[in-house]
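All chains should be built: construct the whole structure from the sequences, respecting the hints.
Those protein sequence lines, which keep their order, are chains D and C.
For the first sequence, this note's numbering gives the first residue as 1, with consecutive numbering after it.
For the second sequence, this note's numbering gives the first residue as 1, with consecutive numbering after it.
Derived from the structure by calculation, the hints contain no laboratory data.
Every value quoted in this text rests on a predicted model; they were computed, and no experiment measured them.
Because identical chains share one entry, a pair is satisfied inside a single copy or across any pair of copies.
List of simulated lysine-lysine pairs, DSS-like, C-alpha gap at most 25 Å:
| # | residue 1 | residue 2 |
| --- | --- | --- |
| 1 | K142 | K72 |
| 2 | K99 | K117 |
| 3 | K25 | K66 |
| 4 | K47 | K72 |
| 5 | K172 | K158 |
| 6 | K142 | K25 |
| 7 | K142 | K102 |
| 8 | K158 | K107 |
| 9 | K129 | K107 |
| 10 | K66 | K102 |
There are 2 protein chains.
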Amino acid sequence: MLQNGNYEAILGRIPTYIAFLENYKDIYISATIIANELNYGEVMVRKDLAKISVGGRPKIGYTVEKLLNDLKTYMGYHHETRAVIVGMGRLGEALYHYKGFKPYHIKVVAAFDMHNKYDHMDQFESICKSNQIDIGIITVPKEHAQAVCDLMIKNQIKAIWNFAPVVLDVPKHIIVQNENMANSLAILTKLTNDRWHES
Amino acid sequence: MLQNGNYEAILGRIPTYIAFLENYKDIYISATIIANELNYGEVMVRKDLAKISVGGRPKIGYTVEKLLNDLKTYMGYHHETRAVIVGMGRLGEALYHYKGFKPYHIKVVAAFDMHNKYDHMDQFESICKSNQIDIGIITVPKEHAQAVCDLMIKNQIKAIWNFAPVVLDVPKHIIVQNENMANSLAILTKLTNDRWHES
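Put into structure tokens, the structure is as follows:
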């Protein structure tokens, strides 16, 4: 979960804009309509889009096709990102088979585990070398996460998507995104309690 | 992913503070140490903790036990939150078996699906009625998500954790947290490209 700073917050909304526009049937669209449909503030939507696309015209809005293309270009969907997963328990399997990555041109090239039908860790180095992997996804138990992370960095992986509940120790130039399912649910729980169980 | 606003950002950090403190062996701890260990800004950590716990003393810091207790109380970990999951594909299964919810006193009471060994949708109403469910977790394919959401709200569920890639239509008093795996990975990809492939 990326929650620090404004830039990440904007990036968090762009895939939602894209998904919405992909299903929008008209030729033109305004920031007002997008804001209403997505329950976002109108000023925020207007600012977000203005940062990325220059095609907006007063009263008419944006051409859907151009806006969609600008958003996708900005996010880098037009070139393929390659990832590997290490740790094929239930979560690893769910991510490996997840169909939602495809529209984003994210390809999970290999899935590693010690014990089963997936790619064996012995092949990690050679597969990374021949595929230019950008992103390493860590879904191993927390006691193995740092070792897997070190191995990924040693093999030129540039960013880590970490599902293990540990703080990884990485060099400054490596980007880590921590995804903690329990944290997300804990936040939702707190917001629910705020609204329903307190005055 | 909750990315709007400062309050949610703080809530996003608290579970990380808690996880860190649970493994911390000393009696006292300072905001400086926490900031260094978690790679957070020191001023931010200081402000976060001051909002939640009054025990901090200059030069000494906080008593770990009291700080931990204050953070947990703030997040509502001391009372049980009950959830149900609908949609037992790979992602639903992974969440259902996920051990990480336990420390947060979040209990997944039932798991529903049409086709397999889990609770059948026919029992949805009666299980919700007898268990006072707070949170509904939606992991069905997107074409069924709105119907499942409507059913949850009809059965007094107060908040929705939605993994289906759709914008759900809900009454104003219902809290929805959208969790889109592809969005998270798309953001990480963009940040990686920013750092490695552009000037």
